[in-house]
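*Asks:* Chain by chain, the residues run as shown.
There are 2 protein chains.
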Amino acid sequence: MASLKLHGLPMSSCTTRVMICLHEKGVEFELVPVDLFTAQHKQPDFLSKNPFGQIPVLEDGDLTIFESRAVTEYVSKKFKDQGTDLIRQDSLEESTLVKIWAEVESQQFNPVINPIIYQFFVAPLQGKSLDQAIIDENLEKLGKVLDVYEEKLGKTKYLAGDFYSLADLHHMPYIFYFMKTPWAHVVNERPKVKAWWEDISSRDAFKKVAEGMKFGDN
Amino acid sequence: MASLKLHGLPMSSCTTRVMICLHEKGVEFELVPVDLFTAQHKQPDFLSKNPFGQIPVLEDGDLTIFESRAVTEYVSKKFKDQGTDLIRQDSLEESTLVKIWAEVESQQFNPVINPIIYQFFVAPLQGKSLDQAIIDENLEKLGKVLDVYEEKLGKTKYLAGDFYSLADLHHMPYIFYFMKTPWAHVVNERPKVKAWWEDISSRDAFKKVAEGMKFGDN
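Residue numbers (the working numbering), protein chains in the order written: chain A, -8 to 209; chain B, -8 to 209.
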């Protein structure tokens, strides 16, 4: 039996961020489904694990970890000596480059792609009509962020350097879903970004997880 | 001469996030002002340091670091053995708790306090009228985030545990400015959050930096 329990869903972008990481590290885990439709994540038992009532949550023995980007760092550190080195902690310079570009994902990329994904996939399920003005505003901002990536990826193979790291990995769930929208050209018209996406999305750890990312497929 | 150069401004919340950290660690640095009014941060020289054209940027020899939360982690690691231990890197459990609550600041707190600060302090300077609906929506969300903090701070003295860390520090610039708005009661009506703020804002490292945080004082 796997000692790590990941509470979440295989179609949730934040859950899959952690699952990709666990596969990269070759760590066994048990995925414990959380029933969002009965609001299981807002019940006392779940709130005792994550007071913000969000998936995913990782339980490893007595330690309970929430916020997907904290979980990936924990997994990368705890299983330092197996699988892909995702944080380069032996080098202060390389680990800092990973941290910088992980922060870029968090502060520059996520805030502009999140509203697009929400409008396209989630709003219709909530009976709301898609707000094109929000999409257009954020597509423009996303293009500017990806312009910076295009230049960076002309200098190094991956965002933090010539090595795949958490900085790349953290982007994957949202780009995967974004490529299913009518605006995939925003990625595809930037050749370095397109090649980077094709490279990282062809990794085995990601392909295992992508199979379950069926949100919006119906 | 200090070997670390911090490009930024003493009234900028992201610059001060780094300055507080440098003072906590007892690290000398040179603050190099960036003239935002002439858009110095959008000129090629600055963009070569941070392609997103934002302050702050830390230069330490050949290493150039942007994104304030990446800079604080770098400073905390590089100067591990001096000043306040802000990341607890010797304990995987404690450093993970710091990371969780630093991510809470980044993903839960910052996105809801940021629009309030923007509406109150920045929009008027840009000739825009304050959008009360945006403020109200985000005040409600902020209250819910601080409800979680109130419960957590009833169990531990600081967010990550009974020790001050980056998880607390990262909140300070925005809370400082928020306390100057008409909505400071959102903090003050939560006794544990109020006591936490009074505690962390009385630290010497913060007081040194707060003197320069004059945005909106005119």
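A couple of the hints might just be wrong.
Because identical chains cannot be distinguished in the list, a pair is counted as satisfied if it fits within a single copy or across any two copies.
What the hints assert, rightly or not - Taking lysine to any residue pairs in the SDA-like style, the calculated list, with each CA pair at most 25 Å apart, reads: (1) Lys71 to Phe169; (2) Lys33 to Gly134; (3) Lys69 to Gln80; (4) Lys171 to Asp76; (5) Lys143 to Glu202; (6) Lys132 to Glu202; (7) Lys40 to Lys143; (8) Lys146 to Asp53; (9) Lys119 to Asn129.
Hints are computed from structural coordinates only; laboratory data are not their basis.
*Asks:* Look at each hint and say if it fits the structure.
*Replies:* Hints versus structure:
no.	hint	verdict
1	Lys71 to Phe169	neither (31 Å within a copy, 40 Å between copies)
2	Lys33 to Gly134	between (36 Å within a copy, 17 Å between copies)
3	Lys69 to Gln80	both (11 Å within a copy, 12 Å between copies)
4	Lys171 to Asp76	neither (30 Å within a copy, 45 Å between copies)
5	Lys143 to Glu202	neither (30 Å within a copy, 38 Å between copies)
6	Lys132 to Glu202	neither (29 Å within a copy, 35 Å between copies)
7	Lys40 to Lys143	between (38 Å within a copy, 12 Å between copies)
8	Lys146 to Asp53	between (43 Å within a copy, 17 Å between copies)
9	Lys119 to Asn129	both (18 Å within a copy, 21 Å between copies)
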